[in-house]
Each structure stands twice: as structure tokens, then as C-alpha cells.
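Number of protein chains: 2
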Amino acid sequence: MFEKFYTERIKKTPSSFIREILKVTQNPEIISFAGGLPNPISFPQEELKVSMNRIADKFGAKIYQYSTTTGLDSLRQFIVDKYRRVHNMDITIDNVIITTGSQQALDLIGKVLVDEGDKVMLENPSYLGLIQAFCVYGADFIQTKLDDDGLNIEELKKTIKEHKPKIAYLIPNFQNPTGLTYTKENREKVFECIKDEDMILIQDDPYGELRFSDDERIPYIGVNQGKKNIYLGSFSKIVTPGMRLGYLIADKEIIRIIETAKQAADLHSNIFAQYLISDYLENNDLDLHIEKIKKLYKEQAGAMVDAMREFFPSDIKYTIPKGGMFTWVTLKENADVMQLFDRAIEKKVAFVPGHPFYVKPENINTLRLNYTNADCETIKEGIKRLSEAIKEL
Amino acid sequence: MFEKFYTERIKKTPSSFIREILKVTQNPEIISFAGGLPNPISFPQEELKVSMNRIADKFGAKIYQYSTTTGLDSLRQFIVDKYRRVHNMDITIDNVIITTGSQQALDLIGKVLVDEGDKVMLENPSYLGLIQAFCVYGADFIQTKLDDDGLNIEELKKTIKEHKPKIAYLIPNFQNPTGLTYTKENREKVFECIKDEDMILIQDDPYGELRFSDDERIPYIGVNQGKKNIYLGSFSKIVTPGMRLGYLIADKEIIRIIETAKQAADLHSNIFAQYLISDYLENNDLDLHIEKIKKLYKEQAGAMVDAMREFFPSDIKYTIPKGGMFTWVTLKENADVMQLFDRAIEKKVAFVPGHPFYVKPENINTLRLNYTNADCETIKEGIKRLSEAIKEL
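Protein sequence lines correspond, in order, to chains Z and F.
Reading the first sequence from the start, the letters are residues 1 to 393 in the numbering used here.
Reading the second sequence from the start, the letters are residues 1 to 393 in the numbering used here.
If we strip away everything but chain Z, and leave its shape as in the complex, we get (with noise of 0.2 Å):
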């Protein structure tokens, strides 16, 4: 009875299908791939724990009242810090702003950045939750084709010369879905393609830290060469999730008409939590606590390769992960990965079949496997399952 006082921008946004996935794998019998959660591992419990403590002892009334819009003035310098040492960033405080995790901060850059209309690439695929956040907003997509070293750069060219797209949106580490990682010689390449362009690149790295093996870190596109770049932090995946804290680094000019969207969104972010994660990372060695995730994480990710080769038809492509959360699997052409979840739901293992991630979804023959959540055994027994599941396509 209410879809006639619905705005339009609702109508168009899509639901998010991951989530009504989520409900048919609540069986406890179905192993499931399909979510895309940490391991509790990557929660630090006891140091919370201490953390919380010590801040109500030290700070009172300050953690439960109401506070500034950009942010915990601790927390945003030691963003500075960490970016300015790991990723030579030549910012200050003035170029951070807290956010309600990472999805609030594409919440705001399309409530400030995208009309009806405006143009935006994505990678082909890309990030579900961004496309709900745009679509919002009216965003024309432009997917552009991603190859295993990155953006393909004849794609690219052609799809900045036919869009002229007014904001390019790029996942460079351990790409959800894909689990794709730009190389160092391949951003560069696509640096060159648009720094004469009037687009703002945004790069969004949840998953940045997870890389698997000691290989020296990729520096991302662009830094410190020009002002157009945004650049997008969590700490969902190496501290905790729940806590709702992400970050937005950019020119302070663009920091300042976020904030106003922010006074608009939520007046500012969860001011307790802030505070304990200041006082988690001051009081602990953040570093040697990822370096526990990504063993686990390096263990679970080399079961499943180890399981897809085993067990899957030679003619399945698949991403061998170097960090982050996520395997890419591509059935041979004209697959339906639709019905394959059908069977696969059949024989109790679930998996996120590749739609949701296409602004067009057609001929999809794709799915996307988390193995965070799941001891190696069972990883081994769900991939067997879905190679039955396959094989009987």
C-alpha cells in the first residue's frame, strides 16, 4: 500500500541479494561459502575487553556524549600516522573523517559527489555494496573490463573516451568479488590513463592488509599526485566489524563537504567505540595481530585452491587469492550458475552466485567463495560438493 509515496532512487536500488542468500544458509548442515565474514580470530577479545575498561576508568562522561562530526582527533592521527609511514602520504588530520564503517563513506560520497546521471566506473565485476550506495543516488555505471594484473588498459582508454566518467571506483588489493590484485606496473598504467582527466578516482581497501606472503606492499594509484584522489579504510577486517568503523582520506576540501553530509547522516560515529579502538591500537601491536589473521587466513585460502584443483572439471577457472577474503570461480560459457546453486543448496554448500556484483547482470557464469569462515576439512568437503554440484550441470 505504500510503494506510491516510494522515491524513485529506492525503487531502482537493489536489495541487497547477498543477505536473502544469507537466510537460506542459516541450516546448520550447509557449509557455506557464501558469506563474507571475518574469522572471530580477527576479533582481539581480551584487548577489548581491557581497552573498554580503561577508557571508562580514564575518560568518563566523554565516551557516552555527543561529539564532533569528523571524528576522534586520536584515532584520525593515528590514520595519519599509519599512512603517512606505510604509504608515504603526504596528509594531516585535516584529510581524515571517521565514518559508520566503510559503506557509510559511499553512502556520502554519493550523497556529494553523484547527481542523477553522473557517470561512474566500476570494475566489471565490483563491489555489490557500492553499487547500492550509487544507485541511490542516480549513478550511470560504466563497468570496464578487469584482467588478472589489474584494469585492462585498452578497455580503459576506450571507456574514459567514449564516458568521460565524472568518478572512477576501484578496488586495487584482493578485489571483492574477485580477489584480484592490481600490479605495481599496471597501476601505473592506469594512473597515466586518467590524471589528465577531470574524475575522481576512489580507491576502496578493506582487504589491503590481508596479503598473504612478505612480497614488498603495492603502492596504490596516484598518491600524493594531485588532489582528486579518495581513499577508503575499515578497520572491519582487522579488528572488528561490528564496531562500524571505517575512514575517508582526501583533500580537505572534499573532507569538509563530507562532514556536512555527515551532520545530515548521523551527526557523527559511534564516540565510544572510537575511543576503543584508539586505545586498543595505542596499548597493542596492531601489526603482529594481522599477522595471526593471515596465517589463518593463507591456511584456508591455500585448502580451497588445493580442494578446486582437486576436485574441480579442468575447464573451471578460478583466482589463486594472495590476500583478503574471497576466491573467483568462472564455469565454462553458458553455465547457469543460477540453477548450480540450486543443486549446490541440494547437496548442502552455498556459494554467492556472481549477479549482484554486474550493473547488468547477463549470461552470468560466475560465484564468488569466501573461505574465511570455515576450518580447512570442511573447506575441502564443500569444494567436493560443489564440484558433484558442478559436474552434474
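Be aware that one or more of the hints could be misleading.
[Stated by the list, open to error] DSSO-like cross-link-like pairs, simulated, lysine-lysine; straight-line CA separation at most 30 Å: (1) F/Lys23 <-> Z/Lys227; (2) Z/Lys58 <-> F/Lys62; (3) F/Lys164 <-> Z/Lys11; (4) Z/Lys145 <-> Z/Lys157; (5) F/Lys4 <-> Z/Lys189; (6) Z/Lys58 <-> F/Lys58; (7) Z/Lys347 <-> F/Lys62; (8) F/Lys360 <-> F/Lys189; (9) F/Lys252 <-> Z/Lys12; (10) F/Lys294 <-> F/Lys184; (11) Z/Lys119 <-> Z/Lys145; (12) Z/Lys4 <-> F/Lys119; (13) F/Lys82 <-> Z/Lys23; (14) F/Lys119 <-> Z/Lys11; (15) F/Lys12 <-> F/Lys119; (16) F/Lys62 <-> Z/Lys292; (17) Z/Lys161 <-> F/Lys11; (18) Z/Lys295 <-> Z/Lys384; (19) Z/Lys298 <-> F/Lys62; (20) Z/Lys62 <-> F/Lys380; (21) Z/Lys164 <-> F/Lys11; (22) F/Lys23 <-> Z/Lys62; (23) F/Lys347 <-> Z/Lys62; (24) Z/Lys23 <-> F/Lys252; (25) Z/Lys322 <-> Z/Lys360; (26) F/Lys62 <-> F/Lys82; (27) Z/Lys82 <-> F/Lys62; (28) F/Lys145 <-> F/Lys227; (29) F/Lys12 <-> Z/Lys12; (30) F/Lys195 <-> Z/Lys4; (31) F/Lys49 <-> F/Lys62; (32) F/Lys12 <-> Z/Lys164; (33) F/Lys4 <-> Z/Lys161; (34) Z/Lys164 <-> F/Lys4.
These are computed hints drawn from the structure, not numbers from a lab.
Following the hints, put chain F in place on chain Z, whose structure we already have.
Chain F alone, transformed into the frame defined by chain Z:
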């Protein structure tokens, strides 16, 4: 340099005037009646500390993990039970969604219900956070007259007939900024005027619990009569604002579409905070705690009213608050409240000029005073200083 990238919607959105003013009032010598902060007595610090340790022990990783968009069931159930008991509302858990503060509820309603140019009826004056939130979505605001006993019924009828608003946004209890409360009779008349209209009625009620007298609670407008009512509530003024937890009660069809908008906005609200507040509510007597807050605020409000009686020139009008956090002062016609603000700052007292509470501020001779954040002696001194500034106008 980024102006050309900004959306039309954000260019039209006012940044918070109050937050600008708060910067001026940082000087500790200034007595500030400008903010809207709850007194720290309203934070049950010891009890919350007990609760955070209990939930850490009891729920482990769950308090740190991703969670559902609609919110924690036990917290939603608490809200259901309370609104059934206290407000006689015929609702279930499916009628409730937890939001990141009430401000997010306003943002989500805007996303879902306000298309560019949609008519939204507000009290005159009204809450500036609503004006900000809906401005983003292109609302066409109409402000209608507010009398001491509630909406002016003649004006309301005219406004409805002339503009056919899609949405009415009202704050019937201890309104922000005026401190006024609609009488029972007025509420019934308002409902008569709107019940057959094709209009969504939002009743925002952050202050309803803070009623100073023991008089009976006045029912909301149109409870259980039709499905087009949306109720907003918040834990900010009765437990803690820093946790950013509010809620929205509506028909379940509306809850479902708000859920989609919330997925795109921040996935879900801080789940630790939801477990914390839920545990606090389960193990403590909230009503007893609210009694303490009311006692304090009643004294403070009384001190302010007494001082205004003593010091203000007799042609100055003001609200005598029966609850909530604010009083509203009307200077003589044509008085320049911005000039008064500058003089008041010289005398080291601050307030919020009426401007941000009007959609089209013209010849504003009103101002808002908050009394919850100073002791009675300081309140008296502040009002004395303000009176001197008024007399010099």
C-alpha cells in the same frame, strides 16, 4: 577547486549552524546555553561498565561481528514491549528497526520517501537536523504555525488544502527548539485534519520521557489508527547519545524498504552498542534512572525561568518548559537577534539564534536556550548577562 564536482543536493544543504556556533563557545569563560547536550548525569556510567563486561563474557565474538540490518532482536523486543505497555501500540518486532541515532532515521526516511520537490510540512520553527536531512533529498518545505497548545488548526487546514503535503513531520512533546507540547485536545484536532489525507505522519520524540510533572502522558497522534504513522525514538537523551542508537517504528512494509536503504547507508548499526544497551535495560530500572534526570532538568529549567522572570525586560516572551531540554525566547518585534548574539558573546554568554530552525529565516527575533548543561547558579548568572545584552539592543 572541487565545487564543480559537488551535487546539486549538497550545495543546497546547510551545514549545521549550531556546530559553527559551538566553536565560538569553546572559550571556557563563556556560559553557553547554545548546545543541546544531555547532562552527564543522564549516562549511567557504572551500570554501563558492568554491562559491557557482562556482554563480553556472555556473548564473546558476537558483539564484534557483522550483524543484521534491522538490529538486535532483544533490543527491538524491549522497544515493542515498552510501546505496547506505555503507548498502547499494537506492534511487533517487525514494526521496529534500529538506526544509528534518530538522525539516521531522518536520513533514511528522506531517502525512501522524499523525491525532489515533494512537499513536507513542518512546525514553524522546527528541528534543524530534519531540515538538513530532507534538504539533501530536495524536499519542498512548508512550515505551519505552532501555538502554545500545539499546531494552529486553522493554519493547518489551510496548509493541507493549499499544499497537499506528502509528509508531515511533528515533534509533539517538548519540541525542539520551542519546548512546546501539544495538548491532548490539539492532538485530536490535528488527527481529524490529517486522517483522511494521503499523507505520512512522522512523530519525532527524543524528549517525551523527560516530562517534569506527574501529569498523565499525552498519547501520540492517531495511535493504532491507520498505517501511515512513523514514530521515532532514541536512547540519546535517556541513556547515552555517544552510542548513536535510535529507532523507527512503522508499518512493516515501510520497515522493509527502510531496511534496504539502511543496507546501502551503513549495513547495520554498531552491534556492540546494541548488546550493551539491551543488557543495561534488562538489568536496570530505566524508569528510576529517568526520574533522576527529570529531577535535575526540572531544577535547571526552574532556575532559568526564575532568572528570566527576575532579569528579562517585561516585553520579552519565553516558553515555560514542562519537560525536555530547551526554552524559546521571543524578543520584541524587529529586534536583531544576530546583533544580540554578538553582544552576548562580548558579555560571555551564548545561545542559538532562531535562524536555523526556519526554512526561510526572515526578520528573526527568536532564540533557543538550553538549560541542561549548567548548574543553577551559572544559569542565573548567564541569564543576567543575557538580559544586559538584551537591554542594550
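Now the hints, each set against the structure:
1. For a cut-off of 30 Å, the pair hint linking F/Lys23 to Z/Lys227 stands: about 28 Å separates their Cα positions.
2. Only pairs whose Cα atoms come within 30 Å are accepted, and Z/Lys58 paired with F/Lys62 is accepted, the gap being roughly 26 Å.
3. A hinted pair counts as satisfied when its Cα atoms are at most 30 Å apart, and F/Lys164 with Z/Lys11 qualifies at roughly 23 Å.
4. For the given pair, Z/Lys145 sits about 11 Å from Z/Lys157 by alpha-carbon distance, which is consistent with the 30 Å threshold.
5. A threshold of 30 Å between alpha carbons decides the hint, and for F/Lys4 with Z/Lys189 the separation of about 27 Å falls inside it, so the pair holds.
6. Using a Cα cut-off of 30 Å, the hinted pair Z/Lys58 and F/Lys58 holds, with the two alpha carbons roughly 24 Å apart.
7. For the proposed pair Z/Lys347 and F/Lys62, the alpha carbon gap of about 28 Å is at most 30 Å, so the pair holds.
8. With a CA separation close to 27 Å, the supplied pair F/Lys360 and F/Lys189 stays within the 30 Å bound.
9. A hinted pair counts as satisfied when its Cα atoms are at most 30 Å apart, and F/Lys252 with Z/Lys12 qualifies at roughly 20 Å.
10. Using a Cα cut-off of 30 Å, the hinted pair F/Lys294 and F/Lys184 holds, with the two alpha carbons roughly 22 Å apart.
11. Taking the CA atoms of Z/Lys119 and Z/Lys145, the gap is about 16 Å. The hint holds against a cut of 30 Å.
12. Restraint check: the Cα-Cα separation between Z/Lys4 and F/Lys119 comes to about 14 Å, which is no more than 30 Å; the hinted pair holds.
13. Between F/Lys82 and Z/Lys23, the direct Cα distance comes to roughly 29 Å. Compliance with the 30 Å bound is thereby established for this hinted pair.
14. A C-alpha spacing of about 19 Å is found between F/Lys119 and Z/Lys11, which places the hinted pair at or below 30 Å, so the restraint holds.
15. Proposed proximity of F/Lys12 and F/Lys119 is supported: the alpha carbons are some 16 Å apart, at most 30 Å.
16. With a C-alpha separation of about 20 Å, the suggested pairing of F/Lys62 with Z/Lys292 holds against the 30 Å cut-off.
17. Simply put, Z/Lys161 and F/Lys11 have alpha-carbon atoms about 29 Å apart, close enough for the 30 Å limit, and the pair holds.
18. The hinted pair formed by Z/Lys295 and Z/Lys384 meets the criterion: a straight-line CA distance of about 24 Å does not exceed 30 Å.
19. Distance restraint check for Z/Lys298 and F/Lys62: the Cα-Cα separation of roughly 23 Å lies within the 30 Å cut-off, and the hinted pair is therefore satisfied.
20. Our distance criterion of 30 Å between C-alpha atoms is met by Z/Lys62 and F/Lys380, whose separation comes to about 26 Å.
21. Of the pairs offered as hints, the one joining Z/Lys164 and F/Lys11 holds, with about 23 Å between alpha carbons and a cut-off of 30 Å not exceeded.
22. For the suggested pair F/Lys23 and Z/Lys62, the alpha carbons sit about 18 Å apart, so the restraint of at most 30 Å is met.
23. The straight-line distance between the Cα atoms of F/Lys347 and Z/Lys62 is roughly 28 Å, inside the 30 Å bound, and the hint therefore holds.
24. Proposed proximity of Z/Lys23 and F/Lys252 is supported: the alpha carbons are some 18 Å apart, at most 30 Å.
25. Among the hinted pairs, Z/Lys322 with Z/Lys360 is consistent with the structure: their alpha-carbon atoms are about 28 Å apart, no more than 30 Å.
26. With a C-alpha separation of about 25 Å, the suggested pair F/Lys62 and F/Lys82 falls inside the 30 Å cut-off, and the hint holds.
27. With a C-alpha separation of about 28 Å, the suggested pair Z/Lys82 and F/Lys62 falls inside the 30 Å cut-off, and the hint holds.
28. For the proposed pair F/Lys145 and F/Lys227, the alpha carbon gap of about 26 Å is at most 30 Å, so the pair holds.
29. The hinted pair formed by F/Lys12 and Z/Lys12 meets the criterion: a straight-line CA distance of about 24 Å does not exceed 30 Å.
30. With a C-alpha separation of about 17 Å, the suggested pairing of F/Lys195 with Z/Lys4 holds against the 30 Å cut-off.
31. Restraint check for F/Lys49 and F/Lys62: satisfied, since their Cα atoms lie roughly 18 Å apart, inside the 30 Å limit.
32. Proximity of F/Lys12 to Z/Lys164 is assessed by CA-CA distance (about 26 Å); at most 30 Å being required, the pair is judged to hold.
33. With a C-alpha separation of about 20 Å, the suggested pair F/Lys4 and Z/Lys161 falls inside the 30 Å cut-off, and the hint holds.
34. Simply put, Z/Lys164 and F/Lys4 have alpha-carbon atoms about 15 Å apart, close enough for the 30 Å limit, and the pair holds.
In terms of the numbered hints stated before, the structure departs from none.
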